[in-house]
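Protein sequence lines correspond, in order, to chains A and B.
Under the numbering used here, the first residue of the first sequence is numbered 1, with each subsequent residue one higher.
Under the numbering used here, the first residue of the second sequence is numbered 1001, with each subsequent residue one higher.
In case anyone wonders, no lab produced these hints; they're calculated from the structure.
Quick caveat: nothing in here was measured; it's all calculated off a predicted structure.
Yeah, the Cβ is synthetic: ideal placement off N, Cα and C, and Gly gets one too.
Some clues are possibly wrong.
Chain B is nowhere near these chain A residues, computed Cβ spacing over 10 Å in every case [said to hold, decoys possible]:
#1 ALA11
#2 ARG43
#3 LEU48
#4 SER51
#5 ARG53
#6 SER66
#7 GLN67
#8 ARG71
#9 SER94
#10 ASN96
#11 SER117
#12 PRO123
#13 THR147
Incomplete in silico selection of chain B near chain A, CB under 7 Å [stated by the list, open to error]:
#14 SER1059
#15 SER1084
#16 THR1086
#17 VAL1109
Here are the chains, one letter per residue:
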Amino acid sequence: MFKKAIAKSMAKSPWLYHINTGSCNGCDIELVACLTPRYDAERFGFKLTGSPRHADIVVVSGPITSQSKDRLVRTLAQVPQPFCVVSLGSCPRSGNVFKGSYSVEGPLEKYVHVDVSVAGCTPKPEAIIEALYKAAGILAEKREAMTK
Amino acid sequence: MKLPFLKYAVKNVFSKPSTVGWPAKKGEAAPEAKPEYRGRISYDAAKCVNCGMCIRVCSPGAITRVVKPVEEGDEITYTFDLTSCTFCATCVDFCGTKAIQMTDDYHMVGTKHEDFLVTGTRVKKKAKGFPECDQDVCVYCGLCQKNCPEGAIVVDRPNKTWTLDKKECVQCGICIQKCPKKCLKFGVPGAKK
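Please model the complete structure; the sequences and the hints are all you need to start from.
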């Protein structure tokens, strides 16, 4: 019974961890805007956490620069299973205008499976909330598959 | 005693919440983007003349073109990769036939790469060569020059000359359609570029 209660409460409150891998700060600002009273993603239980060890959903923004690549891999290794990866904007998926640069080591798909992506440069907060909503659903499915 | 915020406190008790209801509230529609918002690209293949200008001006290289020869001509497919796009709308500005448009649809959320592709296909009939001008009939109105998406035609009315830049011409045939005197026609078949 306890396990059921824990599973239910975990599905209701996925915690976010945000990694900036060389983003221009546009997507980061929009993600923060999601958590403000105007869009209020916290009413769905999303909460920004400071540690990857507490995270359920990892939000990645930026084209993954050489400097941030090792840090990204190390951080993703610390996130407990099951977790969901959400990519913000065009950069993590393709590198956007930075692709082909000597210091860009994207796309994100090379390092981890991306569950949900949002397109846009930058995406609107409404679109980000939609993606997080979708990611929460995928996370619940993943957790169910794990506990079985 | 001064209560500077009392007015606002009382006002806020009775005012509506500033939070956008969507998507938690059922029945509430998603908020619409501003009219100038640059969202998902729409591509009208029927209007496209395959000049390739959008590919040339796209800074992240998000647009790809596949030309497949079929019986009637060439099957041309344009693919806009929205995971690569910067939404700068340069392709929209440069498109001579307004085949590319930006919509206000911002719901670009997906799990697969295919969710982010905008494609359009059309069959372009085999060109019969470069357009040629019958200068006995031509009145040098300049309509062909105005409508040429590539700016390949120069009409000089005072000197009565009609010149075509064969490097720029994509043999789309728009000038022939627009000519009011029917003096333009496709000339000797020539290989494109």
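Here is how each hint holds up against the structure:
At roughly 16 Å from the closest C-beta of chain B, the C-beta of A:ALA11 stays outside 10 Å, upholding its exclusion from the interface. Against chain B, the non-interface label of A:ARG43 is violated: not every CB pair exceeds 10 Å, the least being about 6 Å. Annotated as non-interface, A:LEU48 keeps its C-beta farther than 10 Å from every C-beta of chain B; the closest such distance is 17 Å. Annotated as non-interface, A:SER51 keeps its C-beta farther than 10 Å from every C-beta of chain B; the closest such distance is 27 Å.
Interface exclusion of A:ARG53 from chain B stands, the closest Cβ pair being 26 Å apart, more than 10 Å. Distance to chain B confirms A:SER66 as a non-interface residue, since its nearest Cβ pair spans about 19 Å, more than 10 Å. The non-interface label for A:GLN67 is consistent with chain B: the shortest C-beta to C-beta separation is roughly 21 Å, beyond 10 Å. The Cβ of A:ARG71 lies farther than 10 Å from every Cβ of chain B, with a closest approach of about 23 Å, so its non-interface assignment holds.
The non-interface label for A:SER94 is inconsistent with chain B: the shortest C-beta to C-beta separation is roughly 4 Å, within 10 Å. Taking the minimum C-beta to C-beta distance to chain B, about 5 Å, the non-interface status of A:ASN96 is violated against the 10 Å cut. A Cβ of chain B approaches the Cβ of A:SER117 within 10 Å, the least distance being about 6 Å, so the stated non-interface status is violated. A Cβ of chain B approaches the Cβ of A:PRO123 within 10 Å, the least distance being about 7 Å, so the stated non-interface status is violated.
Consistency note on A:THR147: stated as away from chain B, and its beta-carbon is indeed over 10 Å from all of that chain's, at 22 Å minimum. Taking 7 Å as the C-beta cut-off, the interface hint given for B:SER1059 holds, the closest approach to chain A being about 5 Å. Nearest Cβ of chain A to the Cβ of B:SER1084: about 4 Å, under the 7 Å cut. The hint holds. Given hint, B:THR1086 at the interface with chain A, holds; its Cβ is 5 Å from that chain's nearest Cβ, closer than 7 Å.
Annotation: interface hint on B:VAL1109 holds; nearest CB of chain A at approximately 5 Å, less than 7 Å.
Hint violations for this structure: numbers 2, 9, 10, 11, 12, all remaining hints satisfied.
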